[in-house]
Amino acid sequence: MGVVGKSIPHESAVGHVTGASQFIDDMPPLHRELIVDVVGSPIAHGRIVSIDIEAAEKIPGVARIFTARDIPGHNTFGPVAKDEHLLADQQVTFLGDPIVLIAAETREAMRAAKKAVKLTIDPLPPLFSIDDAIAADSFLTPERKLERGDVETVLSTAFQEQLHTLQRTLDIGGQDHFYLESHAALAVPGEGGTMHIHSSTQHPSEVQMIVAEVIGVPFNHVVCSCKRMGGGFGGKETQAAQPAAMAAVVAHLTGRPARIIYTKDDDMKFTGKRHPFKAFYKVAFDDNGCLHALDLRLFSNGGCTLDLSAPVLDRALFHIDNAYFIPNIRAIGRVCKTNLPSNTAFRGFGGPQGVAAIENIIQEIAQVLNKDAADIRRINCYGSETSPFAPHNLETPYGQTVQNNVLPKLLDQLAADANYTKRREEISTYNRSPAARTHLKGLALTPVKFGISFTNTMMNQANALVNVYLDGTVIVSTGATEMGQGVHTRIRQLVADDLGIPFHTVLVATTATDKNNNTSPSAASATTDLNGMAALDATTRLRARLAAVAAPVVAPPNMPPSPDTVLFQDGEVFDTRGSGPRSTFRDVVCRAHTQRVNLGERGFYATPNIHFDRDTFKGAPFLYFTNGAACAEVLIDRLTGDMKGLRVDLLMDAGVPINPGIDRGQIIGGFIQGMGWCTTEELKYSDTGALLSHSPTTYKIPNISDVPPIFNVNFFHNDQNHISIKRSKALGEPPLLLGLSVWAAVKDALSYAAGKNEIAPLSLPATNEQILMRLTKLKTPARPAPAPLQSTP
Amino acid sequence: MRDFVLLFVNGCRHEIRGDAAFLPLSDYVRCHCRLTGTKIVCSEGDCGACAVLLGTPALNADRVDYRPITSCIAMVFQLDGAHIITVEGLAKATRSADHMHPVQHAMVACNGAQCGFCTPGFVVSLAGMCEKTASKAAIPEGSLRLGLTGNLCRCTGYEQILDAARSINRADLLPLNEVYPPAEMLPAMRDASATPFQIQTPNKLLYKPTDIPSACKFKQQNPGCTIIAGGTDIGVLINKGKIDPTVLMSVGGLKDSAGIEETDTHLTVGMLATLASFEAAIQTAIPELHQIMIRHGSPLIRNAGTLAGNIVNGSPIGDTMPALMVLNAEVELTGLSGSRRVSMNAFYTGYRKNVLAPDELLTRIIIPKPKQDEILRLYKVSKRWDLDISTFTAAFLLGIKKSAPTNGNGNGHDNLIIAEARVAYGGVGPVILRLPKTEAFLQNKSLSEELMIESGEIACQEIVPISDVRSSGEYRSQLAQNIPLKLFYELGTSADSVH
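Just so you know, the sequences run in chain order Y and S.
Per our numbering, the very first residue in the first sequence carries number 1; after that it's consecutive.
Per our numbering, the very first residue in the second sequence carries number 794; after that it's consecutive.
Only chain Y is shown next, with the shape it has when bound in the complex:
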């Protein structure tokens, strides 16, 4: 029978475990290949006075050195605004901003050449933080406003209406992608000015176009291909283009293959990250904690150029409600311009920051009202029966109704599965016991509702090419790129089932722009949704043609041929009307070829029924919502601030999973990555804007020992998502937002050390340092503040 719904191992798993899978740095060196690297600005903001490459050029083993003026085509590009340069020629806007491109024969020559380049740059005053940028009125975008109802009136009459109000701020940190494979590209020049780029990219089409523009050739002269990435997480959606273009410039101008592999340190120092955010909020709520109005301003740190900051901010605003109905809301967002590397897409794409803001508010409401935050969440969630706004509590602030809403049921089920009520009592008892002299426990149950589709409606399209060969095997190619998420495995499953052939007879080709043109990036969780649908669009037509060929062969005796009743299953082809002769897929394919029937097909898909008006911030931008919830319990050492996750329960509404094994991996992996963002992953910069935590020694992603010892993962039963492929739901990003449950549990634990109605502030990430310093300032610290500090050298 079919393979959709089965836990087929990742299609590259055997290659991965044996070391046979090739990444760009693993491809054998080509004849006369050059090594490519860059010298960037040593300061974060300044004007270039002089670039001296004379000494560097003379070093033996240095092939060529290029600056901006050597670029044959355009030096500027950008996914939304063309505000980025490949090589700076006048101004530098972040520390590391590339200025000089070096092509060398050996690593030793490269090292020497990098040292020999002399740059003179006049410094300009830099900006780094959101606060700096606000003070300097430095922004990359105009304000974006999402509004519904009458926030002003509700907030100004809150007192008369016996509503509580709260006005505070929240700082939300950024995050490095820390994909294991750093940025990498290999450019191979071809005949007649053509170029083949092997890139570790989530967006081959964009790499193709930017490379073509930079080297000054038409788009059809450049092929970009991507076999796989060693992780992407959004970091290779737009920013794979720069290294690819650098390699391409060298290859184009020297006629030699050129490869660039970033070191992990350079990758972390000089490429964009998840946007730090700052939220200023005022909220009104009633005695039950039910939200009445939210007035919020969100600022994101976009870095030096726009990149994808505008849609990231939009998605933060789209998710400022998370799973909660907020009748009156005004959320205004703006992207700050600073002198950091341009921040970019990162799994969740602004959603996590928006959700962090509202989950923080919920925790604080609970603290003000002395209630369990889980109850506040339950009463506010979309479709909650206990809300005073029920049953009119299903419409999002941007006007899209939450269809097939599962949130109340999902929250109740997880609370039951995780034994929430009993554990809350146990934790409260523990936190009042003598053990609480040294340790505190915290518990939180947080939901997620994540909108699936690119909010830029145009991007919700995909094409696929399916070729059938005469032995009955199939190659499918789409614009989907494989970064470990298993999209190629899922597409093989979908195509195999649709053609009724074994999984192993279907292969997915290396993603490349000469087979699939003008593709969207593998992003927004929608890669399987879009590309799987496009592949099935092709196989549907192929199958119909093959059915017509097979019909006369497999028709039961004395029945007319009936293509409509021909079934393809397990490699066999037969007529469902009765016991006619059986044929095989392979025989039908050969017969079709003999009859000169086309054995290849192109498929296309455009997500239906979605729309969004950017100006009014209203519409139905999402095809559906993926939901989930997490319950996390943490233990905090009051004397060191160390935090340990004790138990996590995840319940994920994945619709009907296409591949439960792979989907489980997406859920757990996303959760732990989100937990890292919320806890130990701290980006630290020097006063001059140099990233100090630029390698795993100083930047701490979760370790295997950080995974809570009790870790339960379940799928919520939901077979009603008929609008998506095989009733599945997209899973790439939503679980990441559940990592916030750990952060909320820390905040919950701190609340036990706070006085009655005192709010325990906590920014994100909740490092052990922050936890201890916050605890020390709370009303009932385990310890008094330390003696005055000695002078610090």
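None of these hints come from the bench; they were simulated from the model.
Heads up, a few of these hints could be off.
DSSO-like mimics (lysine-lysine), calculated; alpha carbons at most 27 Å apart, straight line [as the list claims (entries may be wrong)]:
no.	chain 1	residue 1	chain 2	residue 2
1	S	K1033	Y	K684
2	S	K1010	S	K997
3	Y	K114	S	K1035
4	S	K1162	S	K1230
5	Y	K118	S	K1033
6	Y	K58	S	K1033
7	S	K997	Y	K114
8	Y	K115	S	K1035
9	Y	K114	S	K1033
10	Y	K58	S	K1230
11	S	K1035	Y	K684
12	S	K1033	Y	K115
13	S	K1035	Y	K118
14	Y	K115	S	K997
We have chain Y; now place chain S onto it with these hints.
Chain S alone, transformed into the frame defined by chain Y:
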């Protein structure tokens, strides 16, 4: 003298001469052997993607012992006489028809791999664990996580890797000594281990002695030469361009220097004893220190690095030294004219500076075990619990005597008198600091909550913490203040069991 490094890679003999001898092993296997399964991510030993198995001759048996190390910070010349098995070389270690090591099979079946970039490292670490535990029983749950703290994964969230680790079919495992028969390699490996070599290139001079006098002589004749044993610090500095040593001495071949001897009162650790073997030795001898050692670096690092190297490297946030200082450990320094002993408390003279003379090597570490009436407590605070460099460290050795019960105010310790206190803090100054004022304050006092709070305040006045990438100075001060109280609370009723 021999002018090449002898290495076996997946059973094949390599004689490595010239510049290639100075490469990180990861580069050698990837570029020279075209074995690209070994991945390079961080080049600093902190992610484990480059893990390979290091095989060395067993001490008293005709067998090769294998342990996983990070190949990115192990230089080829350090590995003279070793057998390296990469992820590609593991597939043969199976009795199954699928031509995959049982670890590889389990990782496929349990979705242990997503993007695949960290996967070879996990496979190697797990295969190393299988080799280490000879029995066919599953790897104990507790050892699993501890054994994998050196491998970072960004995709899976680790759960499915743990699933894989639990489901390894040990019955299918073909031991590596059967896959790579030692008889074919051992004589050459032992011969290489026992003989010196020297490699001279236009830019570099490298010497591997096999006896201590030769080593001392070379050190004296080449002031400032870089000495490498495990290389877990030096390798990082080389890779990151912080140093580019032109004269190097690889001391890994020194005879009879890797042993650890235990008596009733002392442990004596040879200069080449790895942190891993030290960790094993103190599990019962000094269990409190063992708790710190299992968080020191990672198994991959501890399998390569040495205790002596950790001491000589002299980082103010080194994990082993605070304990050695409060235990009044001594180091044996050997030069051309013989040996002398220096207390750990007198070894450092400044930031990463020590009393070693130009001809001297640190050859042994002599560590007194805590006595029956002594309480040893050690603390390490780091941003992440495992595989992280310390933000702050602390060591307490309290000599305890019991006095007659007083009126008692309910805290349980008021009958315990601190006869002697030794306190060392790390991460709060240019060197690890003993805190004489705090020690004097604690001496002959009755253990109480108030006493420990006050001692924390005194400790704060003895330190000069700075703000850096790991934490603020304020956090370090607060920890300095809190740790004595944490110790007090932790003693709880267990202090009553002190004789």
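Within a Cα-Cα threshold of 27 Å, do Y:K114 and S:K1035 meet the stated pairing? holds, 15 Å
With the threshold set at 27 Å, check whether the alpha-carbon distance from S:K997 to Y:K114 stays at or below it. holds, 22 Å
Taken at face value, is the distance from the CA of S:K997 to the CA of S:K1010 at most 27 Å? holds, 18 Å
Does Y:K684 sit within 27 Å of S:K1033, going by the straight-line distance between their CA atoms? holds, 19 Å
Verify the proposed pairing of Y:K58 with S:K1033, using a straight-line Cα cut of 27 Å. holds, 25 Å
Does the alpha-carbon distance linking S:K1035 and Y:K684 stay inside the 27 Å limit? holds, 21 Å
Satisfaction of hint between S:K1035 and Y:K115, Cα-Cα up to 27 Å: Holds, at roughly 13 Å.
Given the proposed pairing of Y:K58 with S:K1230, does the C-alpha separation stay at or below 27 Å? Violated. Y:K58 to S:K1230 sits at ~61 Å, over the 27 Å cutoff.
27 Å Cα cutoff - pair S:K1033, Y:K115: holds, 14 Å
Under the criterion that the straight-line Cα-Cα distance not exceed 27 Å, is the pair S:K1162, S:K1230 satisfied? Between S:K1162 and S:K1230 the Cα gap is close to 25 Å, so the pair holds against 27 Å.
With the threshold set at 27 Å, check whether the alpha-carbon distance from S:K1035 to Y:K118 stays at or below it. holds, 20 Å
Regarding the pair Y:K114 and S:K1033, is the alpha-carbon distance no greater than 27 Å? holds, 14 Å
Of the numbered hints stated above, the single one contradicted by the structure is hint 10.
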